[in-house]
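> The chain contents come next:
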Amino acid sequence: NAGVTQTPKFRILKIGQSMTLQCTQDMNHNYMYWYRQDPGMGLKLIYYSVGAGITDKGEVPNGYNVSRSTTEDFPLRLELAAPSQTSVYFCASSYDRVGEDQYFGPGTRLLVL
Amino acid sequence: DAKTTQPNSMESNEEEPVHLPCNHSTISGTDYIHWYRQLPSQGPEYVIHGLTSNVNNRMASLAIAEDRKSSTLILHRATLRDAAVYYCILRDRGGKLIFGQGTELSVKP
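Protein chains in written order, with the working numbering: chain G, 1 to 113; chain D, 1 to 109.
Hints listed in this document are in silico derivations from the structure and should not be mistaken for laboratory results.
No residue lacks a Cβ here, since even glycine has one placed at the ideal position from N, Cα and C.
Don't take every hint at face value.
Said to hold, decoys possible - With the Cβ distance kept under 7 Å, some of the chain D side facing chain G (calculated, not the full set):
(1) 40
(2) 43
(3) 44
(4) 46
(5) 96
(6) 99
(7) 100
(8) 106
Unchecked claim - Cut-off 30 Å, straight-line C-alpha distance, at most; resulting in silico cross-link-like pairs (DSSO-like, lysine-lysine):
(9) 96/D <-> 44/G
(10) 44/G <-> 9/G
(11) 9/G <-> 69/D
(12) 69/D <-> 3/D
(13) 44/G <-> 3/D
(14) 57/G <-> 14/G
(15) 96/D <-> 69/D
(16) 3/D <-> 57/G
(17) 57/G <-> 9/G
(18) 14/G <-> 44/G
(19) 57/G <-> 96/D
(20) 44/G <-> 57/G
(21) 57/G <-> 69/D
(22) 96/D <-> 3/D
(23) 14/G <-> 3/D
Okay, chain D solo, but in the shape it has when bound (with noise of 0.2 Å):
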């Protein structure tokens, strides 16, 4: 299964962008890049996907590098309820999500 590399934490201010990185070097054509996010003491919640070009919902904005090797997480203005563990996943054909660590995002008023 293809792995994604994201930085352990990032920190944020109020009402501020916020740009979350992911490295995913070893992704295959057909893998979709998910992102999901974890408040605390819940099931993790589903933010956005991709396939290869940018996406926007209600929520973010996911910006997919043109090689794929890459994508980057965007909160346009993160608020308090914004912090949480946020996971970058690659979704196979087989539709299974492996999670990694994630980055904990922590947001300062």
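The shape of chain G in the complex, shown without the other chains (with noise of 0.2 Å):
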């Protein structure tokens, strides 16, 4: 069981380029999220997602883009890069949605210069 991976670990984009994080989870669990994280700060909710072809907005959204096609994955897109997203990103998920713990994965550190 590993849990919830996140690919890469660390990149640098340069303004303007896209890519897109990598989340993973083998637990089946239906809830999925995302997750932002600026230095000495907690963490801020991106996109969510309960279930295979449903997802919605969390507090800070804007600048990207998420789909939900498998149990599974859920991959955060960015489209235009900006410094403003330099940030930790971490996904996490959930059997459930009140009362049930979330499983966090170890992060993707994100540089944009």
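The two chains are supplied separately, each in an independent frame; assemble them into the complex guided by the hints.
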């Protein structure tokens, strides 16, 4: 049981480039989440999904897109990278939404120059 | 979304109990109180959660005030590996976690 895996671990992007952050979970969880964490701050929710084919915005969705074609995968897409998107990105999953703990991946560190 | 207030930092000695406070005066009746911790350079890790009653698990205890406007995470015997940022979070029916800045716990040998 690998839990939640994220790739890549680290990436440097130039302004205006695009990339996809990958997230996969093998726990058959219905709910998946993307957060970002800026230095010295708590996590902020970008997008979440309650099941395959269903996604919704979190607190800070601007500049990002997501899709959920399978239960296991929840990729996060940055279309036009900006320096403000320099952050650490965490993916998480949970079986249910209320009272269930979320399992987090190890994070992807992104630097936009 | 209801918010939580925690001290920015706390210090503890190894093998002593630690009480981490959290205020959540605007909590609604259906909000769960969750605690997560984040060790350096890692993703957050679930610690414990509760609704109204005090809760115990292998990692910690959660004491919830009768009016639910505050709670305390209790680590019974702090170890060096417990040094982390601890987040107190209210989780509503939508299931979203709204993180604050948390309390940075340092543990002295």
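> So if I understand the rule, the pair passes when the alpha-carbon distance is 30 Å or less; does residue 9/G with residue 69/D pass?
violated, 39 Å
> Regarding the hint that residue 100/D lies at the interface with chain G, is the smallest CB-CB distance below 7 Å?
With a closest approach of 5 Å, the residue 100/D hint holds.
> Given the hinted pair residue 3/D and residue 57/G, is their alpha-carbon gap at most 30 Å?
holds, 19 Å
> Taking 30 Å as the top limit, are the C-alpha atoms of residue 69/D and residue 3/D close enough?
Within the cut-off at roughly 11 Å; holds.
> Regarding the hint that residue 46/D lies at the interface with chain G, is the smallest CB-CB distance below 7 Å?
holds, 4 Å
> Hint check: is the beta carbon of residue 44/D less than 7 Å from a beta carbon of chain G?
holds, 5 Å
> Is the straight-line distance between the alpha-carbon of residue 14/G and that of residue 3/D 30 Å or less?
Outside the cut-off at roughly 36 Å; violated.
> Does the CB of residue 96/D sit less than 7 Å away from some CB of chain G?
With Cβ-Cβ at 6 Å, under 7 Å, it holds.
> Would you mind confirming whether the straight-line C-alpha gap from residue 96/D to residue 69/D stays at or under 30 Å?
Measuring from Cα to Cα gives roughly 19 Å; hence the hint holds.
> Going straight from one Cα to the other, do residue 14/G and residue 44/G come out at no more than 30 Å?
This hinted pair holds, its Cα atoms lying about 23 Å apart.
> Holds or violated: the hint that residue 40/D contacts chain G, with Cβ atoms closer than 7 Å.
violated, 12 Å
> Check the hint pairing residue 44/G with residue 3/D against an upper bound of 30 Å on the C-alpha distance.
holds, 13 Å
Taken one by one, the earlier hints fail for this structure at numbers 1, 8, 11 and 23, listed in ascending order.
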